[in-house]
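Those sequence lines, one after another, are chains U and E. Quick note on numbering: our numbering labels position 5 of the first sequence as 20, and the sequence is numbered without any gaps. Quick note on numbering: our numbering labels position 17 of the second sequence as 32, and the sequence is numbered without any gaps.
Any given hint might turn out to be false.
[Claimed, not checked] Away from chain E, derived, C-beta distances all over 10 Å, residues of chain U:
no.	residue
1	A27
2	E170
3	G174
4	S201
[Claimed, not checked] Only pairs whose alpha carbons sit at most 20 Å apart, straight line, appear in this in silico SDA-like list of lysine to any residue:
no.	chain 1	residue 1	chain 2	residue 2
5	E	K51	E	R129
6	U	K113	E	R85
7	U	K54	U	R122
8	E	K113	U	R85
9	U	K149	E	H144
10	E	K149	U	E148
11	E	K149	U	Q147
12	U	K209	U	D84
13	E	K149	U	H144
14	U	K149	E	E148
15	E	K51	E	T186
16	E	K113	U	D84
17	U	K113	E	R35
18	E	K54	E	E148
19	U	K209	U	I90
20	U	K149	E	Q147
21	E	K209	E	R199
22	U	K113	E	D83
23	U	K209	U	D198
24	U	K113	E	L176
25	E	K113	U	E148
26	E	K113	U	H144
[Unchecked claim] Selected chain E positions facing chain U (Cβ under 7 Å, derived; list incomplete):
no.	residue
27	L95
28	D99
29	L112
30	A197
Treat the hints as calculated values from the structure; they're not laboratory data. Yeah, the Cβ is synthetic: ideal placement off N, Cα and C, and Gly gets one too.
Protein chains: 2
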Amino acid sequence: MTSLLTEAEIEARLREIGARRYHRLHPFHHLLHGGKCTKGQVQAWALNRYYYQAMIPIKDAHLIARCDDRQLRRIWRERLIDHDGRAEQEGGIARWLKLTDGLGLDRDYVVSLRGLLPATRFAVEAYVHFVQEKTLLEAIASSLTELFSPEIISERLEGMLKNYDFVSANTLAYFVNRPPQADRDSNFALAYVKRHARTVQTQQAVFAALEFKCDVLWAMLDALHHAYVSPKQISPGAFVPSE
Amino acid sequence: MTSLLTEAEIEARLREIGARRYHRLHPFHHLLHGGKCTKGQVQAWALNRYYYQAMIPIKDAHLIARCDDRQLRRIWRERLIDHDGRAEQEGGIARWLKLTDGLGLDRDYVVSLRGLLPATRFAVEAYVHFVQEKTLLEAIASSLTELFSPEIISERLEGMLKNYDFVSANTLAYFVNRPPQADRDSNFALAYVKRHARTVQTQQAVFAALEFKCDVLWAMLDALHHAYVSPKQISPGAFVPSE
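Make a model of the complete structure from these sequences and hints.
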């Protein structure tokens with residue numbers, strides 16, 4: 016039996032979802048951050064994750080296109096700037112490409128998306144469609160995985176630098192810039208969701224939106240694990256590591 | 016019989032469409048700029064045109080959401096900034112509301128959209144849907160009415176200031192800021208269209224897109240003329256001038 020929650024209870028419930036379902040808990044991340052991946056596995060991760068990065072501003076533009084509220088559009092516009100940058104060499108996508116460059120992947124190959132696992136494509140596109148098709152409140156709530164990302168990013172930065180000789184601080188520039196943006200964005204989205212989810216039905220929808228988004232990120236790691244860790248069954252056409 | 020055109024021929028054809036179909040030629044604009052409108056008619060124009068202004072960033076966000084190209088997204092993002100501003104009192108929509116304020120319209124009423132003519136709503140929404148549903152090239156081409164806007168804006172600014180004692184330079188701030196933005200935007204879009212329309216089919220689609228957009232603007236003035244000039248048949252529920 017569900018009842019109407021206070022704002023504090025909404026936040027507690029969202030954080031509980033993160034504690035149970037955020038992809039920080041995925042076995043692939045334990046391998047990645049713990050230095051247990053081969054270079055080929057790290058490449059596969061960065062290559063597949065590139066598609067997620069590349070689609071984020073498209074997802075955010077869809078969200079902006081659904082906002083009647085100028086202020087909300089202006090605030091969300093910052094995310095476009097964070098990801099696309101103010102110039103070609105700036106922004107989150109450009110920094111992610113520094114990572115794939117640093118890992119020795121050919122940039123044209125990465126950007127072509129030819130090496131993606133199909134499950135990566137489906138998961139990322141499910142996220143974009145969710146933001147186009149659900150309510151604006153659910154679309155905003157689905158961004159709330161950012162609440163949990165500063166922690167995973169600091170683990171990743173530390174673990175990858177310590178454990179992989181093929182990874183440099185310069186290569187990991189993406190992860191240095193990202194946490195303050197994620198904090199700012201998730202604080203806004205959290206406050207928005209708490210203020211606007213005022214019925215049992217919308218509160219449940221908000222929780223489902225965050226669970227859905229956790230599923231998206233989790234499914235991407237499941238696909239990587241299946242293809243590149245165990246049982247190492249790479250989908251036809253997907254990236255095959257050379258080492 | 017249609018043949019493949021050079022870039023110069025494409026531009027000439029686009030300018031020819033503007034010369035024949037841009038709403039500068041509409042009888043309502045002759046009345047408006049020539050000082051022949053009543054205050055109520057000017058109010059009706061500003062009120063209805065507000066919806067077009069308000070939907071432009073939504074249209075542009077849809078367009079950004081369709082771009083795979085980061086550079087194109089960055090360039091188009093400037094339009095979001097122009098219309099939504101960097102703060103609540105800035106940007107094209109805020110300046111349009113200074114116009115409706117200056118004309119004595121209640122701001123809540125304007126923003127509520129309750130007074131719109133249905134045909135205004137349908138025309139504006141047809142434009143947003145066009146940008147969502149047609150090719151990216153056609154979506155970009157549909158913005159090319161901006162090629163012709165600096166001229167109409169200077170006529171409007173001069174004509175309205177000279178002819179209406181209820182209009183001040185401050186009220187018309189929108190039109191002072193707009194021409195350099197329109198020049199920058201239309202130069203980019205024109206170059207894009209000339210470079211990317213490389214088949215007979217896409218060239219024809221580009222011309223049709225500009226004709227469509229001219230139709231949108233023209234239909235908005237037809238609706239105003241019908242309701243407020245002749246035969247003065249105001250749709251049920253739409254704005255009724257008090258003077």
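How the hints compare with the structure:
1. A27: For U:A27, whose nearest Cβ neighbour in chain E is about 33 Å away, the distance exceeds 10 Å, so it holds.
2. E170: holds, 29 Å
3. G174: holds, 29 Å
4. S201: About 21 Å separates U:S201 from the closest Cβ of chain E, which puts it past 10 Å; holds.
5. E:K51 - E:R129: violated, 26 Å
6. U:K113 - E:R85: With Cα atoms ~16 Å apart, U:K113 and E:R85 stay inside 20 Å; holds.
7. U:K54 - U:R122: It holds: about 17 Å lies between the C-alpha atoms, which stays within 20 Å.
8. E:K113 - U:R85: OK: E:K113 and U:R85 at ~16 Å, within 20 Å.
9. U:K149 - E:H144: holds, 18 Å
10. E:K149 - U:E148: holds, 19 Å
11. E:K149 - U:Q147: Holds, at roughly 17 Å.
12. U:K209 - U:D84: holds, 18 Å
13. E:K149 - U:H144: At roughly 18 Å apart (the allowed maximum being 20 Å), U:H144 and E:K149 satisfy the hint.
14. U:K149 - E:E148: Status holds; Cα separation ~19 Å.
15. E:K51 - E:T186: Given that 20 Å is the threshold and the Cα spacing comes to 19 Å, the pair holds.
16. E:K113 - U:D84: holds, 18 Å
17. U:K113 - E:R35: Judged against 20 Å, a Cα distance of about 50 Å means the pair is violated.
18. E:K54 - E:E148: violated, 38 Å
19. U:K209 - U:I90: holds, 17 Å
20. U:K149 - E:Q147: holds, 17 Å
21. E:K209 - E:R199: holds, 16 Å
22. U:K113 - E:D83: holds, 19 Å
23. U:K209 - U:D198: holds, 16 Å
24. U:K113 - E:L176: Roughly 55 Å between the alpha carbons, so the hint for U:K113 and E:L176 is violated.
25. E:K113 - U:E148: violated, 34 Å
26. E:K113 - U:H144: violated, 37 Å
27. L95: Holds: closest Cβ of chain U sits about 6 Å from E:L95, inside 7 Å.
28. D99: Where the cut-off is 7 Å and the nearest Cβ of chain U is about 5 Å from E:D99, the hint holds.
29. L112: Violated. Min distance 10 Å.
30. A197: violated, 20 Å
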